[in-house]
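As you go down the protein sequences, you meet chains Z and B in turn.
Here the numbering used here is used: the first residue of the first sequence is 1, the next is one more, and so on.
Here the numbering used here is used: the first residue of the second sequence is 1, the next is one more, and so on.
What the hints contain is simulated information worked out from the structure, not anything from laboratory work.
One or more of the hints may lead you astray.
Under 7 Å between C-beta atoms, here's a sample of chain Z residues computed to sit facing chain B [claimed, not checked]:
no., residue
1, N31
2, Q33
3, R41
4, L43
5, L48
6, G97
7, G104
List time: in silico DSSO-like cross-link candidates among lysine-lysine, alpha-carbon distance up to 30 Å [stated by the list, open to error]:
no., chain 1, residue 1, chain 2, residue 2
8, Z, K26, Z, K70
9, B, K57, Z, K26
10, Z, K99, Z, K56
11, Z, K56, Z, K69
12, B, K57, Z, K69
13, B, K57, Z, K70
14, Z, K99, B, K57
15, Z, K70, Z, K99
16, Z, K111, Z, K56
17, Z, K99, Z, K26
Residues from chain Z that keep clear of chain B, each with C-beta distances beyond 12 Å, as calculated [as the list claims (entries may be wrong)]:
no., residue
18, D66
19, R80
20, A82
21, K111
Even glycine gets a Cβ: it sits at the ideal position worked out from N, Cα and C.
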Amino acid sequence: SQQGEEDPQALSIQEGENATMNCSYKTSINNLQWYRQNSGRGLVHLILIRSNEREKHSGRLRVTLDTSKKSSSLLITASRAADTASYFCATDAVAAGNKLTFGGGTRVLVKP
Amino acid sequence: KAGVTQTPRYLIKTRGQQVTLSCSPISGHRSVSWYQQTPGQGLQFLFEYFSETQRNKGNFPGRFSGRQFSNSRSEMNVSTLELGDSALYLCASSSGQNYGYTFGSGTRLTVV
Chain Z
1 SQQGEEDPQA
11 LSIQEGENAT
21 MNCSYKTSIN
31 NLQWYRQNSG
41 RGLVHLILIR
51 SNEREKHSGR
61 LRVTLDTSKK
71 SSSLLITASR
81 AADTASYFCA
91 TDAVAAGNKL
101 TFGGGTRVLV
111 KP
Chain B
1 KAGVTQTPRY
11 LIKTRGQQVT
21 LSCSPISGHR
31 SVSWYQQTPG
41 QGLQFLFEYF
51 SETQRNKGNF
61 PGRFSGRQFS
71 NSRSEMNVST
81 LELGDSALYL
91 CASSSGQNYG
101 YTFGSGTRLT
111 VV
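Isolated chain Z (complex conformation) (with noise of 0.2 Å):
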């Protein structure tokens, strides 16, 4: 079983707009992180918050974490076309032994 679920599992949006997905997951974390992937290529690492951090800031994106809720959010302001993509949380827990483990993702669709 997956230790991140996102929601939702698809998006599409205006050019201009934010988007915002959400990640659960279930045991405590060291860290969760956050990967953008395009159509069939690599995952690029966008955002790394450790589980004693609430709040990250990397440019347009903005992630959040509560570990009371075992949630997370990643946020992207003011989108663009090029920011279609899946985007993945993955979660390092030591209930999974420290492996990186990867939710299903949310494929975001930005039109122009």
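Could you slot chain B onto chain Z? The hints should help.
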């Protein structure tokens, strides 16, 4: 610096054959992880190597094996290929816990 290099990019094999995939991590990264990505199962963890030792193993049959060399380069081998082994195989390297993974572009394996 050079990224993670996976070879070959594409591979077509026949059922029953075996295949070896190669991954060269970022210089200085001692941790290498392998993932299988399929439309139905998503990103599934195969194994992780650190300093030539397998540190973690996913829930895959013994037909899937791997190793890491002293220069941190890694190979994975799949024997007695089945149609269901058709997938994108991704390799990632990391400099340690609490650092993001850098992924290669993957090897697209098709078993016919």
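Hints, one by one, checked against the model:
1. N31: holds (6 Å)
2. Q33: At 6 Å from the nearest chain B Cβ, Q33(Z) passes the 7 Å test, so the hint holds.
3. R41: Holds, about 6 Å.
4. L43: The hint holds - L43(Z) has a Cβ within 7 Å of chain B, the shortest such distance being about 4 Å.
5. L48: Status holds, d = 5 Å.
6. G97: holds (5 Å)
7. G104: holds (5 Å)
8. K26(Z) - K70(Z): holds (7 Å)
9. K57(B) - K26(Z): Within the cut-off at roughly 20 Å; holds.
10. K99(Z) - K56(Z): Roughly 22 Å separates the two Cα atoms, so the pair holds.
11. K56(Z) - K69(Z): The hint holds at about 18 Å.
12. K57(B) - K69(Z): holds (29 Å)
13. K57(B) - K70(Z): Distance of about 25 Å is within 30 Å: holds.
14. K99(Z) - K57(B): holds (9 Å)
15. K70(Z) - K99(Z): Satisfied, since the Cα-Cα distance of roughly 18 Å is no more than 30 Å.
16. K111(Z) - K56(Z): holds (27 Å)
17. K99(Z) - K26(Z): The hint holds at about 15 Å.
18. D66: holds (19 Å)
19. R80: Holds, because the least Cβ-Cβ distance between R80(Z) and chain B comes to about 22 Å, which exceeds 12 Å.
20. A82: Answer for A82(Z): holds, closest chain B Cβ roughly 18 Å.
21. K111: Holds, because the least Cβ-Cβ distance between K111(Z) and chain B comes to about 23 Å, which exceeds 12 Å.
Checked against the numbered hints given earlier, this structure breaks none of them.
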